[in-house]
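Please work from the sequences and hints to get the whole structure.
First to last, the sequence lines map onto chains F and P.
Residue 1 is where the first sequence starts when you use this note's numbering, and the numbers rise one by one after that.
Residue 1 is where the second sequence starts when you use this note's numbering, and the numbers rise one by one after that.
For the record, the hints were derived by calculation from the structure and aren't laboratory data.
Note that beta-carbon positions come from the ideal geometry of N, C-alpha and C, so glycine has one too.
Please note: incorrect hints may appear among the correct ones.
[Unchecked claim] Below 25 Å or equal to it, Euclidean Cα-Cα: the simulated BS3-like pairs (lysine-lysine) are: (1) P/Lys286 / P/Lys272; (2) F/Lys123 / P/Lys256; (3) P/Lys54 / F/Lys272; (4) F/Lys256 / P/Lys206; (5) F/Lys166 / P/Lys206; (6) P/Lys272 / F/Lys256; (7) P/Lys123 / F/Lys119; (8) P/Lys54 / F/Lys166; (9) F/Lys54 / P/Lys166; (10) F/Lys256 / P/Lys256; (11) P/Lys123 / F/Lys206; (12) P/Lys272 / F/Lys272; (13) P/Lys256 / F/Lys272; (14) F/Lys54 / P/Lys256; (15) F/Lys123 / P/Lys166.
[As the list claims (entries may be wrong)] Here are a few chain P residues that sit away from chain F, every Cβ distance over 10 Å (derived from the structure): (16) Gly17; (17) Asp24; (18) Leu33; (19) Pro64; (20) Gln87; (21) Ser105; (22) Trp208; (23) Glu210; (24) Asp211; (25) Gly266; (26) Cys268; (27) Ile271; (28) Thr282; (29) Arg284; (30) Asp290.
Chain by chain, the residues run as shown.
Protein chains: 2
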Amino acid sequence: MLKAPDHQVAGHQAHAGKLGPLVDGSGCFYKPLQSGERGTIEAAFYSSFSSNSKVPTHIRRFFPTFHGTQLLEASDGSGMHPHLVLQDIVSNRLDPSVMDIKMGSRTWYPQASEDYIMKCLQKDRESTSVALGFRISGLQTFESEKLGYWKLDRDAVQDFTLEDVKLTLKRFVSSNPSSNAEPDCLLASTIYGGSDGILAQLLELKAWFEDQTIHHFYSCSILTVYEKAGVGEKGSRSRTGAEVKLVDFAHVVDGKGVIDHNFLGGLCALIKFVSDILVSSTNRSKAEGDLKEQTEEIEFSIANDSKA
Amino acid sequence: MLKAPDHQVAGHQAHAGKLGPLVDGSGCFYKPLQSGERGTIEAAFYSSFSSNSKVPTHIRRFFPTFHGTQLLEASDGSGMHPHLVLQDIVSNRLDPSVMDIKMGSRTWYPQASEDYIMKCLQKDRESTSVALGFRISGLQTFESEKLGYWKLDRDAVQDFTLEDVKLTLKRFVSSNPSSNAEPDCLLASTIYGGSDGILAQLLELKAWFEDQTIHHFYSCSILTVYEKAGVGEKGSRSRTGAEVKLVDFAHVVDGKGVIDHNFLGGLCALIKFVSDILVSSTNRSKAEGDLKEQTEEIEFSIANDSKA
Numbered sequence: 001m002l003k004a005p006d007h008q009v010a011g012h013q014a015h016a017g018k019l020g021p022l023v024d025g026s027g028c029f030y031k032p033l034q035s036g037e038r039g040t041i042e043a044a045f046y047s048s049f050s051s052n053s054k055v056p057t058h059i060r061r062f063f064p065t066f067h068g069t070q071l072l073e074a075s076d077g078s079g080m081h082p083h084l085v086l087q088d089i090v091s092n093r094l095d096p097s098v099m100d101i102k103m104g105s106r107t108w109y110p111q112a113s114e115d116y117i118m119k120c121l122q123k124d125r126e127s128t129s130v131a132l133g134f135r136i137s138g139l140q141t142f143e144s145e146k147l148g149y150w151k152l153d154r155d156a157v158q159d160f161t162l163e164d165v166k167l168t169l170k171r172f173v174s175s176n177p178s179s180n181a182e183p184d185c186l187l188a189s190t191i192y193g194g195s196d197g198i199l200a201q202l203l204e205l206k207a208w209f210e211d212q213t214i215h216h217f218y219s220c221s222i223l224t225v226y227e228k229a230g231v232g233e234k235g236s237r238s239r240t241g242a243e244v245k246l247v248d249f250a251h252v253v254d255g256k257g258v259i260d261h262n263f264l265g266g267l268c269a270l271i272k273f274v275s276d277i278l279v280s281s282t283n284r285s286k287a288e289g290d291l292k293e294q295t296e297e298i299e300f301s302i303a304n305d306s307k308a
Numbered sequence: 001m002l003k004a005p006d007h008q009v010a011g012h013q014a015h016a017g018k019l020g021p022l023v024d025g026s027g028c029f030y031k032p033l034q035s036g037e038r039g040t041i042e043a044a045f046y047s048s049f050s051s052n053s054k055v056p057t058h059i060r061r062f063f064p065t066f067h068g069t070q071l072l073e074a075s076d077g078s079g080m081h082p083h084l085v086l087q088d089i090v091s092n093r094l095d096p097s098v099m100d101i102k103m104g105s106r107t108w109y110p111q112a113s114e115d116y117i118m119k120c121l122q123k124d125r126e127s128t129s130v131a132l133g134f135r136i137s138g139l140q141t142f143e144s145e146k147l148g149y150w151k152l153d154r155d156a157v158q159d160f161t162l163e164d165v166k167l168t169l170k171r172f173v174s175s176n177p178s179s180n181a182e183p184d185c186l187l188a189s190t191i192y193g194g195s196d197g198i199l200a201q202l203l204e205l206k207a208w209f210e211d212q213t214i215h216h217f218y219s220c221s222i223l224t225v226y227e228k229a230g231v232g233e234k235g236s237r238s239r240t241g242a243e244v245k246l247v248d249f250a251h252v253v254d255g256k257g258v259i260d261h262n263f264l265g266g267l268c269a270l271i272k273f274v275s276d277i278l279v280s281s282t283n284r285s286k287a288e289g290d291l292k293e294q295t296e297e298i299e300f301s302i303a304n305d306s307k308a
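Put into structure tokens, the structure is as follows:
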């Protein structure tokens, strides 16, 4: 029984008779091959990547597992259509928070057509891509059983400024994302921080991008995913399932012996933002901790004074 | 007594009645302020940078020392003209090898005029900037007393392909740069390698660029400089004076709290090339060393055999 995914935050969606991805609820994500060379390129990428012995094992976890292609009834009712069979990244999650970040200051590549280049260049200039090296394409953050998800779709993010991006990276790990108040970043140390948190995973990816010259990943997205329910459970950092995944490879080109400086530059900018949020939230917790300690000391000395 | 510099490899030159930089032969480089906002921006950059306490001391050595501005007789005979008074990077060198590398996949910045953006974009696409994240703007390598310098001026480098750039980065540290034969990279381990060689300096600069959000350095160049005479002198690595310097700040803009991912991406690509040259030349020396050892062992056993 295939159906449209519940937690898709960007890209074409299989709603209202449109062609879009489907999930089977037991771990597979069926992505319709895009028309023209985009579909060919993405299928070729998954096929070559999954069998490339030069890709280190610890890097494979950042890519959805590939299970080949399959002819399926298309979601738009247009008949049979070839689909990529991929790992469904959120299949065993209850209330996943997901952010889609389109990487690169430039989403066009030199070999593309002039029309395509000019269209991409305009989008890159209108969005934060040129300024930041990436843009947020969509997100959902689970707030609470009562409030449900705080969501930003394509329309909501398309006019994002630098300040909007900074704020959204904070809201994504806050207990009060939908509030107009300053995001509290209460989940930052658990989700962004830690030895296998989002930041550590981004740094691992960065080290690979400083060296790999196999592929250039134009218009590719980083997904950051986690499970709020896992936060706060003692000794269960892994229960948050904080995870970084790369998706969307319809514009991957041969690296020709050069590193992907365009993706890498944006990745470094993202790392710096995430790391700044982590530092300031840690400092704040520390300051609050210090304050609490001071307060307790004062209370203790007051209590002692009153005894004396 | 001011004169045109002997070792300028790129940029406007003070020849044939043209406006260009002058040197005094005792350590100062006088750069005429460019017209319009370019001159204003560069003077403002030097002035603010030299007094900015947020710039770490170990990073300052990558920038020419700034000694203010001064009105001087212009090299084109047009009368008095304001000049930046800067450290002359090659003043106490005998036969400096110099390479000028214009950094960034993109030499334009969002705030620039549409005409300027389109002009830069075209140059970036025609050169290796888009593909590599940098382009070589000119170089000279000292070959020998007899052959003098191997030079590539602006015209020679403007049609450079990826392969030309790779080859030139090898030739820059070869004893046979002007030859059509494969560059021997004999100087690679001394100039690129070592604890204070070019690669180590580039890595130090990279660490700063991963963190600094003060300036974005559009159209800025990295100069790599060394002295061939120093190579091979025992215990005198420092005599080669292998040095990395940043120059040309007429298009520096406010970083607005974002890292300079455009410069950083190109820097990472450059680092990867330099590091590959170093690894393969070290492997070759090692292979040649192994071969020499094997040959000596064989000769030794032959000699012993004939004695027996």
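Hints and how they fare:
no.: 1; hint: P/Lys286 / P/Lys272; result: holds (21 Å)
no.: 2; hint: F/Lys123 / P/Lys256; result: holds (21 Å)
no.: 3; hint: P/Lys54 / F/Lys272; result: holds (17 Å)
no.: 4; hint: F/Lys256 / P/Lys206; result: holds (23 Å)
no.: 5; hint: F/Lys166 / P/Lys206; result: holds (23 Å)
no.: 6; hint: P/Lys272 / F/Lys256; result: holds (13 Å)
no.: 7; hint: P/Lys123 / F/Lys119; result: holds (19 Å)
no.: 8; hint: P/Lys54 / F/Lys166; result: holds (22 Å)
no.: 9; hint: F/Lys54 / P/Lys166; result: holds (22 Å)
no.: 10; hint: F/Lys256 / P/Lys256; result: violated (34 Å)
no.: 11; hint: P/Lys123 / F/Lys206; result: violated (29 Å)
no.: 12; hint: P/Lys272 / F/Lys272; result: holds (21 Å)
no.: 13; hint: P/Lys256 / F/Lys272; result: holds (13 Å)
no.: 14; hint: F/Lys54 / P/Lys256; result: violated (39 Å)
no.: 15; hint: F/Lys123 / P/Lys166; result: violated (33 Å)
no.: 16; hint: Gly17; result: holds (39 Å)
no.: 17; hint: Asp24; result: holds (39 Å)
no.: 18; hint: Leu33; result: holds (28 Å)
no.: 19; hint: Pro64; result: holds (26 Å)
no.: 20; hint: Gln87; result: holds (30 Å)
no.: 21; hint: Ser105; result: violated (6 Å)
no.: 22; hint: Trp208; result: holds (12 Å)
no.: 23; hint: Glu210; result: violated (6 Å)
no.: 24; hint: Asp211; result: violated (7 Å)
no.: 25; hint: Gly266; result: violated (6 Å)
no.: 26; hint: Cys268; result: violated (6 Å)
no.: 27; hint: Ile271; result: violated (8 Å)
no.: 28; hint: Thr282; result: holds (17 Å)
no.: 29; hint: Arg284; result: holds (18 Å)
no.: 30; hint: Asp290; result: holds (26 Å)
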